[in-house]
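Engineer: For reference, the chains in residue letters:
There are 2 protein chains.
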Amino acid sequence: MARPKEFDGEAALGAAIALFSQHGFEGTSTEALLRAMKISRQSLYDTFGDKRQLYLAALRRYNQENVADFVRAMMAAPTPLTGVEYAFMAFIAKAVASDHPSCLGVSAICEFGRADAEIASIGDASAHTLAQALKTQLTAARAAGEMGTDVDVPTAAAFLGATLAGLKVSARAGADADTLRRVARLALKSLK
Amino acid sequence: MARPKEFDGEAALGAAIALFSQHGFEGTSTEALLRAMKISRQSLYDTFGDKRQLYLAALRRYNQENVADFVRAMMAAPTPLTGVEYAFMAFIAKAVASDHPSCLGVSAICEFGRADAEIASIGDASAHTLAQALKTQLTAARAAGEMGTDVDVPTAAAFLGATLAGLKVSARAGADADTLRRVARLALKSLK
DNA sequence: TTAATTCTGGACAGATTAGTCCGGAATCAC
DNA sequence: GTGATTCCGGACTAATCTGTCCAGAATTAA
Numbered sequence: 365m366a367r368p369k370e371f372d373g374e375a376a377l378g379a380a381i382a383l384f385s386q387h388g389f390e391g392t393s394t395e396a397l398l399r400a401m402k403i404s405r406q407s408l409y410d411t412f413g414d415k416r417q418l419y420l421a422a423l424r425r426y427n428q429e430n431v432a433d434f435v436r437a438m439m440a441a442p443t444p445l446t447g448v449e450y451a452f453m454a455f456i457a458k459a460v461a462s463d464h465p466s467c468l469g470v471s472a473i474c475e476f477g478r479a480d481a482e483i484a485s486i487g488d489a490s491a492h493t494l495a496q497a498l499k500t501q502l503t504a505a506r507a508a509g510e511m512g513t514d515v516d517v518p519t520a521a522a523f524l525g526a527t528l529a530g531l532k533v534s535a536r537a538g539a540d541a542d543t544l545r546r547v548a549r550l551a552l553k554s555l556k
Numbered sequence: 365m366a367r368p369k370e371f372d373g374e375a376a377l378g379a380a381i382a383l384f385s386q387h388g389f390e391g392t393s394t395e396a397l398l399r400a401m402k403i404s405r406q407s408l409y410d411t412f413g414d415k416r417q418l419y420l421a422a423l424r425r426y427n428q429e430n431v432a433d434f435v436r437a438m439m440a441a442p443t444p445l446t447g448v449e450y451a452f453m454a455f456i457a458k459a460v461a462s463d464h465p466s467c468l469g470v471s472a473i474c475e476f477g478r479a480d481a482e483i484a485s486i487g488d489a490s491a492h493t494l495a496q497a498l499k500t501q502l503t504a505a506r507a508a509g510e511m512g513t514d515v516d517v518p519t520a521a522a523f524l525g526a527t528l529a530g531l532k533v534s535a536r537a538g539a540d541a542d543t544l545r546r547v548a549r550l551a552l553k554s555l556k
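Quick note, the sequences are listed as chains A and B, same order. As numbered in our numbering, the first sequence has no gaps in its residue numbers, which increase by one up to the final residue, 556. As numbered in our numbering, the second sequence has no gaps in its residue numbers, which increase by one up to the final residue, 556.
Just so you know, not all the hints are guaranteed correct.
Just so you know, same-sequence chains aren't split out, so a pair can sit in one copy or run between any two.
When the alpha-carbon atoms are kept at most 25 Å apart in a straight line, the in silico SDA-like pairs for lysine to any residue are as follows [unchecked claim]:
| hint | residue 1 | residue 2 |
| --- | --- | --- |
| 1 | 499 | 545 |
| 2 | 499 | 538 |
| 3 | 553 | 508 |
| 4 | 402 | 482 |
| 5 | 499 | 439 |
| 6 | 402 | 545 |
| 7 | 458 | 478 |
In case anyone wonders, no lab produced these hints; they're calculated from the structure.
Build out the structure end to end from the sequences listed, making use of the hints.
Structural biologist: Spelled out as structure tokens, the structure:
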């Protein structure tokens, strides 16, 4: 029949994620994308449609993986509340390992706010998934007696989401690992 | 001698701040700036240099005012720790009053990270000013017995800065005022 | 071999970008 | 009035942007 696709679409998308999260949508040119993704112009348009659709695909995959990583780390710990702490520490370790920490999800929120409905809904979806996982975990933490009964679970979930965003911004601004870890531990103190 | 400047440079800069914080540096065209600032092309280049210098001026003024507002609200309260709470509530009230909440400081961090030294140093300066004010306030809070003696002041200051950033991202993502207030109050709980 | 498909590289168009320049009107001090 | 300066609007350049298109080579199955 025909010649099959040669390049790895997922790897190319990963390169696009890296570029978009460093420079934003408007700050990333198609030319730069072609170089980073190591595909030709035609391949990009054939495979992903256009720059916007590529951005949407990148944002979707990044957000899904990001939330999945967090939840996976959270589940792996021995108790619910230590799971939350583990997840934060794993996130910080990953962020600091990168020489230029950045989050495409936060970048998209900052660049577009709620002005672009499609982009906003992608962010909403992953925020909702994360919030649900956190609420489940916090409910379990309360049942296990790890958490104060005076703490409202939905509020705590929203607080942890905001804390995560705050840590991402701090990391991108140049905060060192120790500071980030201390900040995260102090945040968790409010749940006890 | 000569005809004096007619337009209000500070007001024009305010319009530039609004536009840059909504769309970022790359997402804001000079054409859009001219319309919003209500000045002619020549006036913009004569007065501000170029687009980048205008952005730097906007970022400087925004960050200074932002920190000054926070510190002013913090000082106005009856006790140190309630001052921190007042400052957060005042910030939330202002953010929610805007139909499209945004922070140019956070936007600059997300768009440029530490890739642009001049932009990064502007962010560093205001972060340092805010941190110093917070440390002073928290030290006073500890002395007044409002805060637990086990809380490390520099860590708490970094935590409050990260919380502020997290609230800004949450507000831009569409969080309602009640959620933001509950999150802020929960954050402050960790200091007691 | 042939047909179908994907690849690369480059050319290309049309729009938009940042920044410069000019002409003429307006406003001030002298 | 005169000169100096600032205003505006628009023309303008040169570069860059996104997206389309084409030619030719490569790779697969029938």
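Engineer: Hint by hint, note whether the structure agrees.
Structural biologist: Hints, verified against the model:
1. Taking the shortest alpha-carbon separations for residue 499 and residue 545, both the intra-copy value of 22 Å and the inter-copy value of 19 Å come in at or below 25 Å.
2. When the C-alpha separation of residue 499 and residue 538 is checked against a cutoff of 25 Å, the pair qualifies only between copies, where the shortest distance is 20 Å, while the shortest distance within a copy is 30 Å.
3. With identical chains, the CA atoms of residue 553 and residue 508 are at most 25 Å apart both within one copy (16 Å) and between copies (21 Å).
4. For the identical chains of this complex, residue 402 and residue 482 are neighbours neither inside a copy (27 Å) nor across copies (31 Å), given an alpha-carbon limit of 25 Å.
5. With identical chains, the CA atoms of residue 499 and residue 439 are at most 25 Å apart within one copy only, with a shortest distance of 13 Å there and 36 Å across copies.
6. For the homomeric pair residue 402 and residue 545, neither the shortest alpha-carbon distance inside one copy (36 Å) nor that between copies (46 Å) is at most 25 Å.
7. Within a single copy, residue 458 and residue 478 get their C-alpha atoms only as close as 28 Å, which misses the 25 Å cut-off; across copies the closest is 18 Å, which meets it.
Violation of the numbered hints given earlier is confined to hints 4 and 6; the remaining hints are satisfied by the structure.
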